[in-house]
Amino acid sequence: GENVEQHPSTLSVQEGDSAVIKCTYSDSASNYFPWYKQELGKGPQLIIDIRSNVGEKKDQRIAVTLNKTAKHFSLHITETQPEDSAVYFCAASGYNQGGKLIFGQGTELSVKP
Amino acid sequence: NAGVMQNPRHLVRRRGQEARLRCSPMKGHSHVYWYRQLPEEGLKFMVYLQKENIIDESGMPKERFSAEFPKEGPSILRIQQVVRGDSAAYFCASSPTGGRGSYNEQFFGPGTRLTVL
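Chains as they are written, first to last, in this note's numbering: chain W, 1 to 113; chain A, 114 to 230.
Note that these hints are calculated values from the structure, not bench results.
Just so it is clear, the structure is predicted and the values come from calculations on it, not from any experiment.
Just so it is clear, CB atoms sit at the ideal spot from N, CA and C, and this is done for glycine as well.
It cannot be assumed that every hint is accurate.
Cβ-to-Cβ under 10 angstroms is the rule here; a few derived chain A residues that face chain W [said to hold, decoys possible]:
| # | residue |
| --- | --- |
| 1 | Glu154 |
| 2 | Phe158 |
| 3 | Glu176 |
| 4 | Ala201 |
| 5 | Cys205 |
| 6 | Gly224 |
| 7 | Thr228 |
As a list, the in silico DSS-like pairs of lysine-lysine whose alpha-carbon atoms are at most 30 angstroms apart [what the hints assert, rightly or not]:
| # | chain 1 | residue 1 | chain 2 | residue 2 |
| --- | --- | --- | --- | --- |
| 8 | A | Lys157 | W | Lys22 |
| 9 | A | Lys164 | A | Lys175 |
| 10 | A | Lys140 | W | Lys57 |
| 11 | W | Lys58 | W | Lys68 |
Kindly produce the complete structure, drawing on both the sequences and the hints.
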């Protein structure tokens with residue numbers, strides 16, 4: 001089945017710097033890759049997603065890139081702010097997963113003022 | 114437009130008791146997914162349901178766990194004879210589409226945090 005690996009597990013940056021989180025997946029048939037932000041005590045919040053027919057998607061300070069050949073995708077956050085501090089999860093889904101999301105292990109991002 | 118609702122938000126049970134977790138999907142969503150998050154871990158898929166049907170229960174433990182999504186009312190995740198290892202956060206997500214071949218934007222509820230004493 002699908003396996004998603006996420007790195008790094010923790011990431012600390014200074015306010016205003018950029019943060020990059022990377023994920024790899026194993027099933028070449030996966031075609032949908034969402035990113036979630038989870039704040040302490042809350043449910044995961046969908047922040048951006050990308051589908052396999054595009055290589056990059058951007059929404060204000062957040063961007064996601066997808067390399068289907070290498071089977072990896074990345075989250076880029078520019079001009080980080082303290083409120084970006086949270087745990088971020090990548091996930092993959094597609095035909096072989098029948099709709100369910102397979103999550104990475106999570107990255108705890110800390111943005112220091 | 115209310116999001117995904119889950120209740121209770123916190124649930125404490127003693128070993129051997131039953132736990133019932135409820136999930137009301139977003140308006141217009143007929144696909145419900147349950148995930149479990151153990152402390153310091155990612156989310157693991159448990160079960161996928163549509164109204165009155167279990168589509169995929171490959172992530173559900175074989176014993177003590179069951180789920181339903183009746184024609185009327187919320188989806189229920191039921192855990193019988195709870196053990197300490199069941200302590201976790203249980204999240205429900207809903208989607209307007211589902212199944213193979215579709216892009217499943219899933220929106221999560223706030224979760225139910227189950228503690229087994």
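Exercise. Of all the hints given earlier, name the ones this structure violates by number, lowest first.
Key: Violated: hints 3, 4 and 7.
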